[in-house]
Amino acid sequence: MVDPELIEQCRNGNLQSFRKLIGISSPFAFSVAFRMLGDEDLAKDVVQETMVTIWSKLSKIRSAGSYKTWLYRIVVNKCYDQMRRKKKNPEERADERTWTLISNHISDGPDNTLENRETAIVIGQLTEKLSPKQKSVFILIDLEDMTTEEVSEITGMSRRNIKANLHYARKNIGEMIVKYI
Amino acid sequence: MDPEERKYGSLLNILRKSRPELMGIEEIEEKVLNAIQHPGKKRREKFNLFDYFFGWVYIRWVRVSLITVSVFFIGLFIYQQSLILRRISLLESQTIITGSQFVRGPYSGLEDKLMLKKLSRRNMNAGSITITEKQLEKFADSYNELESKYKDLIKIIEDDPDLKKSVEEKLKETNKKKFNL
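Protein chains in written order, with the working numbering: chain D, 2 to 182; chain W, 16 to 196.
No lab work stands behind these hints: they were computed from the structure.
What you are looking at is a predicted structure, and each value in this text was computed from that prediction instead of being measured.
Just so you know, even glycine gets a beta-carbon here, dropped at the ideal spot from N, CA and C.
It is possible that part of the hints are untrue.
Among chain D residues calculated to face chain W with C-beta under 7 Å, some are [stated by the list, open to error]: (1) V3; (2) H106; (3) G175; (4) M177.
Listed next, the in silico BS3-like pairs over lysine-lysine satisfying Cα-Cα at most 27 Å (straight line) [what the hints assert, rightly or not]: (5) W:K153 <-> W:K187; (6) W:K22 <-> D:K164; (7) D:K58 <-> W:K166.
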């Protein structure tokens, strides 16, 4: 994901290298943050805060190889914080049109892709009843294609716990698909 | 593969392919570098007094602990209230009955005698005797009568030196009580 030399340069306080690192890391961080929060501005804030945290704690990173895990861990934790705050002001529930939109995309075929706004609506609706942990496990494994080991390192959860959460998340989403689509 | 699984699979496929696009990455770079170079300014912008003082309420284990403690205190409160009510009802059963409320058969004086006998015992437990106003009046009358008789007796003894001497000797012999004349 990132050249170890670039991380070493950032560790030495090179801001130009860090700018490059932001350019490389931000899309990955944004993808996870946006899928978890369903809000572009909030996701951008999370990316921004994550990169500031990374700069301040770059010296603590053990090796360049663990950078990816470290980046995602910070993003996921910041998303949890945002989700907790968001809980106080829950969004309005999606209506029948959302399910029609999801249904249409499925029937359009597997090559179909969604815009950011549509992705947010679909993920938001499907993961509505999931806890933050279940949601993060589903997004990291099923959407970001990560392994259980990687997710375990990122979230700090045990593998068994991850599997249980993933099972519940898939089951819940499957039930919603059966019910509404 | 059943239709539900197919629907789930194709929806997941669409979501995987629809990777959220990060627009305005330069803006994020600028903001991050700005926050790094002027950390105080950024902190002031983000400073939230409520979160600063009460941010800890978002921590899951703190919330759980607070709920547990609240439930414990509510239980304790209920227990204390029931204890107080029980004590009040117990005290109500020990209320002093006034003479006017004391309706019984014809007055024989037996109760007064029993009461006097009880009072004459030295080692009485506090609160073990309930006395009516009428009984107290009787007790006072009896005491006054005894005192006047006692005075007369003292006067007779003092008037007769032989009798006085005889009584004193008798008292010394018996050594039951000190009797100062």
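Take the C-alpha atoms of K22 (chain W) and K164 (chain D), compute the straight-line distance between them, and say whether it is at most 27 Å. Satisfied, since the Cα-Cα distance of roughly 22 Å is no more than 27 Å.
Should the interface hint for M177 (chain D) be scored as holding, given a Cβ-Cβ cut-off of 7 Å against chain W? This interface hint is violated because 10 Å lies over the 7 Å limit.
Less than 7 Å between beta-carbons is the criterion; does V3 (chain D) satisfy it with respect to chain W? violated (15 Å)
A closest beta-carbon separation below 7 Å is what the hint needs, so does H106 (chain D) meet it against chain W? holds (6 Å)
The hint names G175 (chain D) as touching chain W; please verify it with the least Cβ-Cβ distance against 7 Å. holds (5 Å)
For the pair we were handed, K153 (chain W) and K187 (chain W), check the Cα-Cα distance against 27 Å. violated (34 Å)
Is the hinted pair K58 (chain D) and K166 (chain W) satisfied, with a Cα-Cα distance of at most 27 Å? Violated, at roughly 102 Å.
When each numbered hint is compared with the structure, violations occur for hints 1, 4, 5 and 7.
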